[in-house]
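Participant: So you can see what is in the structure, the chains are spelled out below.
2 protein chains.
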Amino acid sequence: MRTIEWKNGVVVTIDQTKLPSTVEFFEIRTCAQMAEAIKTMKIRGAPLLGVAAAYGLALTVCNSKASTKEGLLAELNDSAELLRKTRPTAVNLFWGVERILRKAGESSGNLSGVKDLVIQEAQRMADEDVKTNRAIGENGARLIKDGDVILTHCNAGSLATVDYGTALAVIRVAKEQGKRVRVFATETRPKLQGARLTAFELKRDNTPVTLITDCMVGYVMYKSLVNKVIVGADRIVKDAVFNKIGTYTIAVLAYEHKIPFYVAAPKSTFDLAHYADGVTIEERNPEEVTFCGGQKIAPEGVDVLNPAFDITPLKYITAVICEDKVLSPAEFKKLSFNSAINS
Amino acid sequence: MRTIEWKNGVVVTIDQTKLPSTVEFFEIRTCAQMAEAIKTMKIRGAPLLGVAAAYGLALTVCNSKASTKEGLLAELNDSAELLRKTRPTAVNLFWGVERILRKAGESSGNLSGVKDLVIQEAQRMADEDVKTNRAIGENGARLIKDGDVILTHCNAGSLATVDYGTALAVIRVAKEQGKRVRVFATETRPKLQGARLTAFELKRDNTPVTLITDCMVGYVMYKSLVNKVIVGADRIVKDAVFNKIGTYTIAVLAYEHKIPFYVAAPKSTFDLAHYADGVTIEERNPEEVTFCGGQKIAPEGVDVLNPAFDITPLKYITAVICEDKVLSPAEFKKLSFNSAINS
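Residue numbers (this note's numbering), protein chains in the order written: chain A, 8 to 350; chain B, 8 to 350.
Since the hints were derived computationally from the structure, they do not count as laboratory data. Glycine is no exception: its CB is placed at the ideal position from the N, C-alpha and C atoms. Wrong hints could be hidden among the right ones.
Said to hold, decoys possible - Far from chain B, by Cβ distances over 12 Å, these chain A residues were calculated:
#1 Ser28
#2 Gln40
#3 Lys72
#4 Leu89
#5 Leu118
#6 Leu124
#7 Gln130
#8 Lys182
#9 Ala192
#10 Ala206
#11 Pro267
#12 Lys274
#13 Gly301
#14 Gln302
#15 Lys332
#16 Phe339
To be verified - So the derived list for chain B, only partly shown, Cβ under 10 Å to chain A, looks like this:
#17 Arg187
#18 Phe207
#19 Leu218
#20 Tyr282
Just chain A, same shape as in the assembly:
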């Protein structure tokens, strides 16, 4: 079951804010609706955001009343700007937008030819995402041993992608290979993607999963209850990994306990044009922190810090698992292409 699908000019996807209590698919018919769904995190997960952005532009061409190719390209540029403003940190979203814009801009076809091309490209990106994740899973599964207990943070599962996941793809392939694997999932406050999405996915797969609060990570490492960490990524720059807030905390703990810390992510997450200093970290609504489960949990008017992501320097990372291979930090640094966005 894919997290997102294109059905005759309509995008159908799961409302991730309602999981795990309700599995509800909803329709997105315009690029503005897509931007809103991304902003409110009904759609989330770096690889999924890349495909969702492409589908957003596909909706723009479907709905377009432009009578010229130039008019259509102008509409696509407006839609691209709308999408770019939704969430600043995950690079896949920008990658998805740029890939579609380039394809449309390079096309020598007529108005209808460009429309077809955009829709086909968006669908190709969705199909590629599934293949890419499978390859990440196969590359990563070589690192997994029978009996491993893996800690993961947030959700880097099928719900964060079109299907299969990134960090969870590694676990899925390892299981297919007959390896017994258990998982510790951190709840991932404030948005609880670990409790709501990862625990849900793994239970659905019959993978043994234990839910912990985020501050228990030190304890489970101290007690030697886990022996590997695998997380996803929202953007990997020349010197660091941007991923869900809390990732850096776990990476430092893994480093101190000599536990391997792997980042599983497609190359569309690589942004080799930037260092960590050059990336904006999205600051989200304080109410995500002051409320939990719909109830106010903090005193009125308290100040809050609510960064959606943090920065993990490559020093703390054992390897990056991408669709091509498993890259050590040294190999990652040597990558010759200038930026995944422009590749």
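Could you slot chain B onto chain A? The hints should help.
Facilitator: Same frame as chain A, now just chain B:
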């Protein structure tokens, strides 16, 4: 305003499960009610538990129908057993129980003399707690500089004690000395004592406080937003500090970022008869993790780990601030008394 008070044979205390939305005092009239209030965490905080246990025994003598001194002592022993079973990790509770039992056992008075002695001793312990915390605050405040930004975890404030707090006493005295201090409070899942209690106390005091989720600690240290950590303790053994789950995670992060990590706790928290291995860590109800704000946040039937405390080896601690002095880990290890319980 004291967190707990003795009023003519009745204990009056704040229901800490209802904060910050409701400040509600309630009456405790029997030792069984006291044990229940401790178990359900209406009363919590290591130093407060010591006094609450003593008051529990004072209620036993008030309600006793024993006609002999031996009968009364037997009732006290039964009540002590009830109290000891409530929460296994915080040592102050055991310290409070033992101190009252010893006082009663050693008394040469008659039935009514023993009753008076127990009640007086419990009240003396409450008064001592306030003085002790003030002394902790004064010792600790010497470590605080104007402009410091201090991270604290859980609640080691007046709500965790009879009054004044331990970690927060340090901040209170520093402020009295004219030092400008800001605080980062971790929300402290699963029970949210940081969001509910510490943020509440500090706002009431007009101390600038920023609330973060537990997994943001790495980020705020990476960004150099805090320069000291002060936490309380539930038990300090020969080689480690037991404190609220999440403390160890913060200690490792502070160590990696070379940020001083202080533990502020009265000597009644010291348990020099044990090493970390010999202490039971309370495992609490999984629903504390699978529910938040009264709403289920995890899939049905998911496995959960829910230790209430973790273990921070002395290696990660810069100093222990007690009512006598500031002890380096080396000085702490040299302490000659065998056990605070027996001191």
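Participant: Take the hints in turn and mark each one as holding or not.
Facilitator: Results for each hint:
{"no.": "1", "hint": "Ser28", "result": "7 Å, violated"}
{"no.": "2", "hint": "Gln40", "result": "27 Å, holds"}
{"no.": "3", "hint": "Lys72", "result": "44 Å, holds"}
{"no.": "4", "hint": "Leu89", "result": "29 Å, holds"}
{"no.": "5", "hint": "Leu118", "result": "48 Å, holds"}
{"no.": "6", "hint": "Leu124", "result": "41 Å, holds"}
{"no.": "7", "hint": "Gln130", "result": "31 Å, holds"}
{"no.": "8", "hint": "Lys182", "result": "17 Å, holds"}
{"no.": "9", "hint": "Ala192", "result": "8 Å, violated"}
{"no.": "10", "hint": "Ala206", "result": "5 Å, violated"}
{"no.": "11", "hint": "Pro267", "result": "17 Å, holds"}
{"no.": "12", "hint": "Lys274", "result": "26 Å, holds"}
{"no.": "13", "hint": "Gly301", "result": "6 Å, violated"}
{"no.": "14", "hint": "Gln302", "result": "3 Å, violated"}
{"no.": "15", "hint": "Lys332", "result": "28 Å, holds"}
{"no.": "16", "hint": "Phe339", "result": "20 Å, holds"}
{"no.": "17", "hint": "Arg187", "result": "15 Å, violated"}
{"no.": "18", "hint": "Phe207", "result": "5 Å, holds"}
{"no.": "19", "hint": "Leu218", "result": "5 Å, holds"}
{"no.": "20", "hint": "Tyr282", "result": "15 Å, violated"}
Hint compliance for this structure: hints 1, 9, 10, 13, 14, 17 and 20 are broken, all remaining hints hold.
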